[in-house]
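Trainee: Model the placement of chain B on the given structure of chain A, informed by the hints.
Top line first, the protein sequences correspond to chains A and B.
Under our numbering, the first sequence has 32 at position 32, and the numbering climbs by one with no breaks.
Under our numbering, the second sequence has 540 at position 540, and the numbering climbs by one with no breaks.
Hints are computed from structural coordinates only; laboratory data are not their basis.
EDC-like cross-link-like pairs, simulated, lysine to aspartate or glutamate; straight-line CA separation at most 20 Å:
1) B/531 - B/88
2) A/82 - B/367
3) B/634 - A/114
4) B/165 - B/334
5) A/82 - B/402
6) B/570 - B/475
7) B/252 - B/189
8) A/58 - B/272
9) B/634 - B/600
10) A/58 - B/211
11) B/165 - B/186
12) B/261 - B/316
13) A/185 - B/643
14) B/431 - B/475
15) B/324 - B/274
16) A/58 - A/33
17) B/182 - B/253
18) B/165 - B/253
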Amino acid sequence: MKTFNLVITGVGGQGGVLASRVFAEASLAAGYEVRTSETIGMAQREGSVISHVRIGEKLQGALIPEGTADLLVSLELSESLKGWSKLSPQGQAVINRHTIIPPAVGLGLTQYPEAEIVAFLQSQGNRVRLFDATSAAIDAGTARATNMVMLGALSTLPNLPVSADMLWQAAERILPPRLHEVNRKAFLAGQALGACPQATPLVS
Amino acid sequence: MMTRVLWIDVEIKLDIDCPSERSMERILLMSLTTETPSSRQLLMGNEAIAWGAIEAGVRVVAAYPGTPSTEVTEHIIQHAADYGIYAEWSVNEKVALETAIAASWAGARAMACMKQVGLNVASDPLMTLAYLGTKGGLVLVVADDPGPHSSQTEQDTRLFARFAKLPVLDPSTPAEAREMTKLAFELSESLKVPVILRPTTRTAHVCQDVEFSPPPRPAIPLPPLHFERDPNWAILPTLSAKKHRWLNACQKDMGRWFVEKGLNRVVPGCSDADTVSVGIVTGGVSYNYVQEALANLGVSLPVYKVGGPTPLPAEDVLDYLQGKQAVLIVEEQEPVIEEQLTVAAFHRGMQIPFFGKLSGHLPREGEFNTNTVQAALRRYFAEVLPELSLPEVPAAQAGLTDIPAPPLRTPILCAGCPHRNSFYAFKQALKRQDALFTGDIGCYTLGVMPPLRAADTIVCMGASVAMAAGFDRVEPDRPHIAFLGDSTFFHSGIPPLINAVYNQARMTLVVLDNRTTAMTGHQPHPGLGWKGKQEPAPYIDIAAIAQACGVEWIRTVDPYDLPSMISAAKEAVEYPGVSVIIARRDCISIAKRQIPHQIDHAACRRCGLCIRQFGCPALFEAPLTEEERQEGRKSGAVRIAREKCFGCGACAQVCPWDAISPEVQR
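The shape of chain B in the complex, shown without the other chains:
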């Protein structure tokens, strides 16, 4: 039954258009759940977390999308109606967490999901929440992105949790993520604190075969909830001082709970007799790499696995280390376990050598893998157990050095992306004015890439607006243009817009309104008129908001119409105050593909404008043929990759020679 519902959903989405391969792929992957009612299934980590939360009886879920966390909420929204769950895409992470807090204080199990930098946005309520505590279990899913693959920082949420003095559960696999989600609700209710579940990319986006069947559906409606008044829900300095003492006193209980539940435990060696008497402490995905590397090296020893890294119940780890010659601590990102353990060992007067990040045996940046960990293990064993014989280091793969260098391939805006047109129009309109472009977080971050180079600064969600106004304070004679997306406008673009108007800055804000939250896979936002499952919702108009913020010059333009976009850009910049352009055109992943374009090679003068200034990835320069070389040609023919061309027609408008036009349809 569930499968059927999902398939129908696929059909609906496919009928809208022919979405690009990418979005279709995403839709298809979303539909893989529950092919059969009960069996081993392939679950992605985020999907496993979603099911864990459903199994735990979560009633309210609020989130803002962000890689690698997005699919948790997407899956819950898919199944929300069946389980009586209220699930929403909130405008930002702060609002999401506050929504979850209200639900928890009314007695419901609640969850807020975000990526690691989303926790920065949600940090204000989080810090107070830590003092006030929870009633219904409250779990924050905060996905970390070591690498980083798709984030502005590699920040470690475990450190954030230490700052907030909150417990973290750190899963190694999707199966474990599902179990830990359920445990996180239990812990939150038993100690009355919010709990952070912290998958990293290689848990969140890993698929694993898991024994799974969807939990039985409850009778709906679920029993009603009621918030009981209590002075302990309103923070005041006197209460804060009291609650701070309470939170500190809880720390030991949190750690004890990790040990009692077996989250922090000794995993015996793989053979009956342990080969060596040294220690390894590890957690999260690093645990997998340690076990694989040990197997490769033929070494068997008990490993201490940390599922609850903060606050670390260090005494239990030190007990494991008793009598060992040394310890290697293997953890991605920051030395969170290592530092807590070092302090505890000092206090116990334990003198065994510690190896890890602080000793330089493992890097503090980037993602780990079996190779990184195996190299660290070799070095560790060589230093502490020089008599141990290990398999030879395999010779470098023959011929690896003969490999030609592949081309550099960075992510770029898609062929037909309307953002490219907006950036190009502003570059053209302001080419003699040395305008400063402040960028933001979303697909349009990629405007920074050549040839557009249309983002001089990128900081965080919403920063483009305040920074354009800020630059105006120091360089009032220079045009300052802020670019941010529609979803980002709602997330954090409005307060800085009010600030710019109120403090009388001169700047232009371009809202790149592609009618979706594109980068994370097309979640809705308040400017669309629909919600997570396409159900109708009030439509909140960006232009009306800008007007209400006091902006007096507002224009909505179609970026596929380049001349209009260029003239609007010129006019906006001339305006002596805050001007707003809403560049509105659907993302190509949700729009219908148009007629592909073709090049008239007789008319094309190979000036390269379309490639070297506009830079659509459907356009490329073919290598020079021998004949062309003999003719003395300097550049190859310009071609259009037909399978990539979206048919937006922008290149035809860019071309000064009328050499590009839609294909004639038979």
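Chain A extracted, bound-state conformation:
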């Protein structure tokens, strides 16, 4: 099989590492070789974080080369752009519409061009699914389950190495039982969002 490459971007503290582990564990259970590489350390303090997950046979390095990711998942709107160069021209992207405004914006040190980013992502057509996963997670019970909404949404895409059931089973194995219910709700909410082909950008 051709290597399946997944890039997960987000802001430190959003649960991107956990999402990458769930995907990796599910793929392992499905019998594939797996490599992941995560950002651990200083960047986890509100910085940009990126996880690489590679699934397949005869894998080498854990880092995904430019332009070869089959799927980009971003837990935050602008962070999707930090992983964009990894995405292959045919690759798909599942992106949380929620914004996390860094304090540097308030200080005038940088800008958050929200409208431009949304317009760019819309211009990518069907290969981008954009929805507010954070709101869906809050509705499910906690903003911390945003990563589960994203996993639920990506599980609806075609041609994945793992099924939605396998993803949820991996999440169940990793999460402590007391968190299963809220995460299950979030996962299902994500599936509903992902299954909707017209998951159009929300107006903030």
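Mentor: Then chain B, alone, in the frame of chain A:
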């Protein structure tokens, strides 16, 4: 069984509070080991090293946390009781290594773990240890951080090892890291030298599927150990001269051992017929990038893989290069293999062209990836084999240039972080005095970020204290404030504090005591009263230490109480000697979240103080609405990201308009 124990641990930790996503994530990841008793499992490199050490029968492990090395010791501590291992978080890397030396000399297999800059701290015992050697196998795990992602330097531990004349094992993958850990103990015992295992970030923090089951547990207690007296354990100049000759004589044996064990070897090409007759020598994670790039380019050739880069058994590499037209050496960080090989080729009178860092084909800084290596391979092949046809360089991805620029997002102190309050209080207290703030290594390093800008200097662990006193020598009329954390205080803050008192400096030390070693994932330290698995331990009081160091002005303050913090800051700076403030408040990742705050938009005058001077990431300015624009407003409404707000209440104290208050709970 093991899984169950781990799950219970998760539950306990979760019950303490509702930890932030981050710390919870860490706890969950720690628990992934051994879901099933025997099967293919996802092992992180550091976890694989931990299991390798356990499989090798390690008996004593001592470490100080540091990214990317921390998880090795965390995993060993988790399983220590089952395997009769003594494992500790030491106060610093020097102490950790000395602890391991004692164990080794008593005949135990021992390990000391640290990040690359930790080896600087441990270098004093290391240099002598290299002369005196080991009895039980002694392995140092020293994790390098090319990039760097989370370090103050990109130093290459292989170069440090060359300085100390010690062997290094350089794994490419987690699976290899596990095997090399076991081999490192063997090598240490067979040649009586300490061995350095040197994972880099992309081994230490990479997960790989590995065939693995936990080794059987030994009968506990393990057989007792006994240190045998011998004059060879006490260094004196005469012994040193003798042992130096011994260490030099060992160098060839180390290299030979690498070759015998197949750590340094030729890996055949991927197809039956090799496409070209040029050489590639590589090691560590670069090996992965070379193989992936060769596959992408459709080129098959035997690659020389270096698992033992120092001391390099260069003759074996030169044998591989015999008859080749040229060689490309691919290694991250410093040209350690390249330089050793160049010298050896010169002595053999070998004249083939060398490509690598010294020729400018590969960078000497930063991390590699398949793209970097593939570009270097293309250039190499084009220069030495112009007739070779390679696949077209893929066109730049269409539309990549149209991407809007995302906002700059640097790491910052968390919402609710008590360090922010301490920095803010000192900035407020000293705003007219141009005080100099010396910073240190830990989460509070991030105090350097705007808007606080509360670290004028950052050097290394503990430097803040000596440097504040040092600045006092040259600028006695300026207030000098040193900031360092609780764990760092124990690591290396005490000798400079004694020095400042003894040499009568005028300065203020602020110990940012958040009751944990936060940056590396909440390891304990001597000021907490508990150890690595929450077992009780003597509590060592920072204020009592400061007092014993001769400090006469000491105050413990809660940084969540900003007015008290500000007045303590003013008083401390007025004191004509060494003053110490202990700013004590639990890290938000180990504390219970409080009631989120809200903004009264009628009272808020959008002065921006909370954003532009305090800078909590839970506060942000919403974009101006059309209506507001028409009203002539210059700035958008201030909002609180409810999911981020910790409820510390600092912003309510910062706000001059009483516009921020806790949400009314239904």
